[in-house]
Every structure is written in structure tokens, then in C-alpha cells.
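Residue numbers (the numbering used here), protein chains in the order written: chain A, 1 to 75; chain B, 1 to 144.
Take the hints with a grain of salt, since some may be wrong.
[As the list claims (entries may be wrong)] Partial selection, computed: residues in chain A whose CB lies under 7 Å from chain B:
hint, residue
1, Lys2
2, Val8
3, Asp17
4, Cys26
5, Leu40
6, Val43
7, Val44
8, Glu47
9, Leu49
10, Lys51
11, Lys52
12, Thr57
13, Gln58
14, Asn62
[Unchecked claim] Derived contacts from chain B toward chain A, CB cut-off under 8 Å, selection only:
hint, residue
15, Gln4
16, Ile87
17, Met116
18, Val138
[What the hints assert, rightly or not] If you want the ones that stay clear, here's a sample from chain B, every Cβ over 12 Å from chain A, calculated:
hint, residue
19, Ala36
20, Asp50
21, Pro80
22, Asp89
23, Arg92
24, Lys95
25, Arg124
26, Glu129
Derived by calculation from the structure, the hints in this document are not laboratory data.
Backbone N, C-alpha and C fix where the C-beta goes; we use that ideal spot for every residue, glycine too.
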Amino acid sequence: MKKITVLVDDDGNLHADFSGFQGRTCESEEEKFRRVLAGLGLVVKTEKLVKKSDNQTQSECNQDISSRNERGIRQ
Amino acid sequence: MSQQSSYSTLIQIYAQNVDQDANIEANPRMQILRKAVQIAAEDLGGEVTDRIVDCDGKETRCLLAIRTKEYPRGVGITIPQGKVVYIYDAYRDGKEWGRKISAAINQNYSVIAVMMAQEKLGYRVQVKESQAGKQKNVVVSGGM
């Protein structure tokens, strides 16, 4: 599952976690997200960006697959 | 490859100057701003108005303003060059109510915009508030 989790701090600044994105899909989704925000009047400036390792990304995707399978078994 | 990133924010309502008497309901960004101000006023037990006063009682008209019991002089909003600017008289505002009210409006605007952006991109959105000491954070999660 692709997820964007955004913590909005008490000054209105954003701390975002993009998870479940493989390859370059994260970059284009992040760009789209920033563009849509700008269209809504929220102009954001990147202060910090940390790319997750392939292993981290793969483990996020695996976790998602196993939780989906678990849900499937329960149903 | 996934990522984590932090962003500073700026609220830009118009690209150019706007007349304070213009119809504020016409611009969708103004609707977000109005909502952000209303929520902040409710949370802080204040009221939305269109003027503030300074420590000498001199009144200034603004596009929107919030007055609270703790800060009756009020915090006003103007949008010179299209950017949201907060105005208030900080004289003897030891508890920094002026800054706190401005920050609450910023936070509300960001939360509304993030929710709307995620919905627009097709995510299912959930919102949760969390308290970290005196700091109130809001987490907006979107899944697809």
C-alpha cells in the first residue's frame, strides 16, 4: 500500500513520510503532492530529504503484502 | 524508493496585491483560510472579527482577525503581495498569544490543505491529533 503520512507541527510546517513507493514513483508522487499543495495556497520549501534504502522500501512493501494476506485469511 | 522529507510552509492566497474589500468568498484559498481562522477561534474560545486594536486602543481593519479572552487586542490577517501576514501588537504579550494564535491558523491551514491534496491524489485520508508536551501536532495519513 502506498502511504503518505504527514505530521503538521504547531507552526504549520510539514514532516512527511512516503512509504510503499518503488523505483522513481516516490519522486513523481512527491512532486505532484507539492504541486497540488501549491494550488491550494500552501507553498512548501524542502528543508530536509532522506531517501530510504532499497531494503527499507522492500520491507515496507513486504509488510504490506503480509498484512493483506493476514486480512485475507481472517476474512 | 520511498523517502522522508520536511518542509517549511508559506500561505499564498494571490499572486498579486488584493483589495481588502474584495469578495473573499470568491477565492477557494480564502475559503481554506477562513476555515482555518474559524477553527482556531473555536479552539481558543475566541471570535472571528475584522479588526484589531493596539495597546493604545487604536483600531486597525483587517481581512480577518481573531480576538480571544486572553488576547483581546486580537491578531489580524492581511495579504500584501498575496502572502498571509499576521499583524498584532506584541507589547506586553509575555505569554506570546499573538504568536500562538498566528501559529494555530498556520497549522489549521496546513492540515486542511494536506487533507485536500491527499484526497485529490486519490488517497483515503485519516486525521489524528497528538500532544507532545505543550506542542500539538496533527498527523494526516493517506493510504492508497
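Task: Violated hints - listed by number, lowest first - done: Those not satisfied are hints 13, 14, 16, 19, 25 and 26.
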